[in-house]
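Enquirer: For this one, chain A is given, so just place chains B, C and D on it according to the hints.
Protein chains: 4
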Amino acid sequence: MKKLRVGIEGGAGFTGGELIRLLLAHPKVEIAAATSSTFPGQPVFLAHPNLRGRTNLTFTRKLDYKDLDVLFLAGGHGDAMAEVPAIVAQAGSKLRIIDLSGDFRLKDQSLYPAWYAREHKAPALLKKFAYGLVELNREEIKKAKWIANPGCFATATALALGPLAKGGVGGVVSVTAITGSSGSGASASPITHHPTRHANLKAYKPFTHQHIPEIEQILESLAGKKGLRLSLVPISGPFARGIYAVCQVDLPKGWTAAQVKELFASAYKGSEFVRLVPEPPSLNAVNGSNHCDVFVTVQEGRICVISAIDNLVKGASGQAVQNLNVMMGWNEAVGLEFAGHYP
Amino acid sequence: MKKLRVGIEGGAGFTGGELIRLLLAHPKVEIAAATSSTFPGQPVFLAHPNLRGRTNLTFTRKLDYKDLDVLFLAGGHGDAMAEVPAIVAQAGSKLRIIDLSGDFRLKDQSLYPAWYAREHKAPALLKKFAYGLVELNREEIKKAKWIANPGCFATATALALGPLAKGGVGGVVSVTAITGSSGSGASASPITHHPTRHANLKAYKPFTHQHIPEIEQILESLAGKKGLRLSLVPISGPFARGIYAVCQVDLPKGWTAAQVKELFASAYKGSEFVRLVPEPPSLNAVNGSNHCDVFVTVQEGRICVISAIDNLVKGASGQAVQNLNVMMGWNEAVGLEFAGHYP
Amino acid sequence: MKKLRVGIEGGAGFTGGELIRLLLAHPKVEIAAATSSTFPGQPVFLAHPNLRGRTNLTFTRKLDYKDLDVLFLAGGHGDAMAEVPAIVAQAGSKLRIIDLSGDFRLKDQSLYPAWYAREHKAPALLKKFAYGLVELNREEIKKAKWIANPGCFATATALALGPLAKGGVGGVVSVTAITGSSGSGASASPITHHPTRHANLKAYKPFTHQHIPEIEQILESLAGKKGLRLSLVPISGPFARGIYAVCQVDLPKGWTAAQVKELFASAYKGSEFVRLVPEPPSLNAVNGSNHCDVFVTVQEGRICVISAIDNLVKGASGQAVQNLNVMMGWNEAVGLEFAGHYP
Amino acid sequence: MKKLRVGIEGGAGFTGGELIRLLLAHPKVEIAAATSSTFPGQPVFLAHPNLRGRTNLTFTRKLDYKDLDVLFLAGGHGDAMAEVPAIVAQAGSKLRIIDLSGDFRLKDQSLYPAWYAREHKAPALLKKFAYGLVELNREEIKKAKWIANPGCFATATALALGPLAKGGVGGVVSVTAITGSSGSGASASPITHHPTRHANLKAYKPFTHQHIPEIEQILESLAGKKGLRLSLVPISGPFARGIYAVCQVDLPKGWTAAQVKELFASAYKGSEFVRLVPEPPSLNAVNGSNHCDVFVTVQEGRICVISAIDNLVKGASGQAVQNLNVMMGWNEAVGLEFAGHYP
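So the sequence lines, in the order shown, correspond to chains A, B, C and D.
Using the working numbering, you'd call the opening residue of the first sequence number -14 and step up by one each time.
Using the working numbering, you'd call the opening residue of the second sequence number -14 and step up by one each time.
Using the working numbering, you'd call the opening residue of the third sequence number -14 and step up by one each time.
Using the working numbering, you'd call the opening residue of the fourth sequence number -14 and step up by one each time.
Hints should not be assumed to be uniformly reliable.
Sample of chain A residues lacking proximity to chain C, with all beta carbon distances greater than 10 angstroms (derived) [unchecked claim]:
id: 1; residue: E3
id: 2; residue: G38
id: 3; residue: T45
id: 4; residue: K51
id: 5; residue: A67
id: 6; residue: K128
id: 7; residue: V298
Under the rule of at most 25 angstroms between Cα atoms (straight-line distance), these lysine to any residue pairs were calculated in the SDA-like manner [as the list claims (entries may be wrong)]:
id: 8; chain 1: D; residue 1: K92; chain 2: D; residue 2: S78
id: 9; chain 1: D; residue 1: K211; chain 2: D; residue 2: R123
id: 10; chain 1: C; residue 1: K13; chain 2: A; residue 2: E322
id: 11; chain 1: A; residue 1: K47; chain 2: A; residue 2: G63
id: 12; chain 1: A; residue 1: K254; chain 2: C; residue 2: L9
id: 13; chain 1: D; residue 1: K246; chain 2: C; residue 2: I220
id: 14; chain 1: C; residue 1: K130; chain 2: C; residue 2: P237
id: 15; chain 1: B; residue 1: K254; chain 2: D; residue 2: L42
id: 16; chain 1: D; residue 1: K13; chain 2: B; residue 2: Q94
id: 17; chain 1: A; residue 1: K190; chain 2: B; residue 2: W240
id: 18; chain 1: C; residue 1: K254; chain 2: A; residue 2: P28
id: 19; chain 1: B; residue 1: K(-12); chain 2: D; residue 2: V319
id: 20; chain 1: D; residue 1: K246; chain 2: B; residue 2: T45
id: 21; chain 1: B; residue 1: K127; chain 2: B; residue 2: Y189
id: 22; chain 1: C; residue 1: K127; chain 2: C; residue 2: Q244
id: 23; chain 1: C; residue 1: K238; chain 2: D; residue 2: V73
id: 24; chain 1: D; residue 1: K211; chain 2: C; residue 2: L9
id: 25; chain 1: A; residue 1: K190; chain 2: B; residue 2: E285
id: 26; chain 1: B; residue 1: K51; chain 2: B; residue 2: L96
id: 27; chain 1: B; residue 1: K238; chain 2: A; residue 2: P237
id: 28; chain 1: A; residue 1: K246; chain 2: C; residue 2: P237
id: 29; chain 1: A; residue 1: K13; chain 2: C; residue 2: T40
Everything labelled a hint here was simulated from the structure, so no lab data went into it.
The C-beta atom is built at its ideal place from N, Cα and C for all residues, glycine as well.
Only chain A is shown next, with the shape it has when bound in the complex:
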């Protein structure tokens, strides 16, 4: 069978590296090219030393979009909205696109200035991108050609709250979500300086993180109305991989714990990557895999849902591959049927 030819724009970052690693092992795909402005002409393993000996691929400076069936955009936020119109003009309408940035996640262009501090450059395209959170939006993704891959906090939080929203639970939900340092990317910066990140915790952007509107958007779409309102405090954690989201909300009057748990069981039936677990999850049970572990407990009028993902796999590149699979009509787990290592 002829393999699908995929290209990766921004292959030298952490999500780019994960994409290459996953796609190298994907049986239905071949990597046509991956770009890097830092390492053009150089072996992929210079940026991703884990891949030494596993691929001879070298980074290119540019992609030939006409040569591709699928394009993954793994560059910085703001790049995709600037480039997609020209890419589409050049490649024609057959090119499928999966964008890992935040550029096409929000349907409402008016949200961009507030949350991303920039006007959107291609607002006409916003509604053409499906929001790629498979377990909560599978049917739209099946029919999509362009996909906006969710943010890492959004993935963990929306998977924790989606069944509640769908089931009609409303109110303010308090979320504390702790992230590993790889979420900040491959370039050194003060917030990832090892001496001060090590053994430390530090909250940032309380109530103002840019993933909030995409979470509220998917929850609202599941609820069919404004329902859960998100009150999110992100924390920088002292580990490299993982997002751990702790969500608390009032139990609606008259509801039982069993009702709440049934919402989760039914929402995730048939979704092999979401595992409902009987005790609070652990990052080390999901890291390295495309799984999201979700735990639910109800006590004294309160619901607590805790979710754990690998921010670079289910929170980015693994989810991008899952989106590809669904969009292509393949089994959504192709190339993703691996467990991470433990411990």
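Expert: Leaving out everything else, chains B, C and D in the frame of chain A:
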């Protein structure tokens, strides 16, 4: 000036080691003896290698209570309630006691079976212990002879919420609090097994942690009525020291952010160990010191308060020394005027 | 094609978990059963939460050896030597065995009391086990039916020094090797207590680690005589996975750096799991994979060789699978062609 | 008693922060000023959040050297050699100087181009600086006015090897030394990027680290001749603080273990900061303190010496204060009589 003679029961644990370290540097105190059932007759530095060369003290098996001015109880939960009646009988009423366990923190004996899974063995003494959270209960401590030193989660959370309770804020407060592994003590156990604790997060006892009632008790006493209700999810974090508590609650109708901040400014005026910080705190700014850093923000009808402490200092032994200072009428910072190291 | 039926004795430990994870993805193998004395009758994912949803296997208490083509022994040191004679008696001579313990690594039974503090219980079998360090002993393994899988320190150190030994370099080699905590197994103990293992380093067994004789044995066999003498200091490191071995030895008189490097190039030609790297290796480039990265430098009369492996993969279970592949005449990389994740 | 007025050039770095922290608690010293080019006019606690509430000091842009009794230079390597001549011209000969950089450590100016990649700018001053490794050079320091504070690797390694050199042990010594990330300073860089530094090890500059010549210089001066030759491999470790040096060398013919141990006992008699420990040391027993723990073992013709220090205290700022104390004729432990916290 004659130094106060203090004894430590349970000197080989982590809180015992911190007490010894702090008291060795305290100008008004001398350590008469410290017990250990594991290391009797052996040098203190076998349990606490940081103290090698800094003290010649050896552990004893028992204390001579009559020889002491002050007794610190740093043994396991459940020991103090069993021993205090006999200790008092033997030592007479002049002996001051600071208990670091949970045994005398709750005024209401009926709470012990529910939260500590045991009947209280000395309920008549419960009301004789002052709750030793200095910044929120200083006046009672000044007059006390027996003090129940707060739990580590309780310290961080109550310092974050005390000013709100005092100011009349009510409602359900969502707390996510992340703790370092030293909070589990000096003995190896599955939850502190390095391969699985490393780079991991794992919640435990959601809504059921035993520090909840002591937090609600002090908040209620500050509010003068049942006010804030605690919805606490503790998390085991991949670091050795520190507690980081993120608290969220609705802003009362009609209140302003300035009003909220003023509650904190006025509550902690003159309390040098609580530092109000203008951005979210970091563990590495407080670890090794008796400080609690507290951050407050108010946005869109929500209050977020974040506090950070060293669980073994402000959350245990440093606070015990601070209680001693207040009880003795000394400057409460004597022997505690040090910064931790950074990073 | 009929798959090979394999059994695992000791499936609930860390090496057992890695074996199960690797064998589940191996195209030529099916897991017939895995034992655990702690979790008999219970799902494998209770011990290895990463495997939840990836296998329905439950642990058994015992194996039916006659039902197996291959047996992996992943229990404690000392168990294999006690059990193998009875296993063989029961299963007959067709059963292939790969022992991950130290019980059959040394050809000379007199070394066991000195290095393992016990007499060997089945000395007659010692010479029937091939030493399973594929890159240095491939031909013997191809013909073997029983294999002694090397120790983790031994793997890293022997791969660093094998080419030198083979090339005739002699003398005392100073080795400092740092290990992750997963090497101590899945049971909690004082040396893996998180509060004191975290952010710490501590050497142990300087010059007396039990992997020393197996390293000297394979080096001597490569040299054809006593050549390199090992002076090894192991260190407990503050991470979960990996072994990092730094080896230093005098450059023989008259030799050039190019000669030394040529020894490595020729020794590892065709060995895809050993990657010769142009700068000092990193644990995070090999962890999660079966690779060993090796770096060589020669300056001012000194040779420095540094090697890095994942102790649970190349240092244990991955190597066991590689041994299976070689023994069966398959491509040695079957089921092991994955990169670890980075970072 | 009038306190000594000290100034700090380069107060916003990690060593600058430690100096300020230590000097604030020093009973015989007051900090006149500390400079920062990044934070001029701003509170010291902006750079060092542990010091919030403990000092009102603000950084200045420049120092008034005439106003100082002692100047600590804690800026970058290369700055001191450029500035000291002008400082001395301005301040006159009474100003005492303790330089924490590498600029005045080597007596032989010809070594600078080879090891520091620059010509020395003030070679005439090199011999006027005493090498500030107190335990090995106390008498010279007592008489000095200008002191070159040793490097962190040099401190750990020279303290491990000094007694051997003094006792006449020669030959090549293999050293592997692992450092925490704080040794790289307060500015973010690729080698301290948390995602790739976390849980990783990576050697660098094998045999070529710039601390080698200062170690050989002090060892040669102790031996009275060229004796021990250093073969050093440094490793970047996944923790913030500490240096752990493992040294191996041949036991001279005819020597006994007791003789070797006696060298250490006699060399460090009366040196309270060097603790001879009966088992391999731990970073967490020395971190936060000015101690160096040293362990010696002799087996089968080999000597192994392992030392552990806090790179920012004994390896930098603590040692600088110790040098001040010795130079001033004070007890060398003044202001340094604290244990670090454990764990």
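Enquirer: Checking against the hints above, which ones are violated?
Expert: Numbers 1, 2, 7, 14, 16, 20, 21, 22, 23, 24, 26, 28 - these are the hints that the structure violates, sorted from lowest upward.
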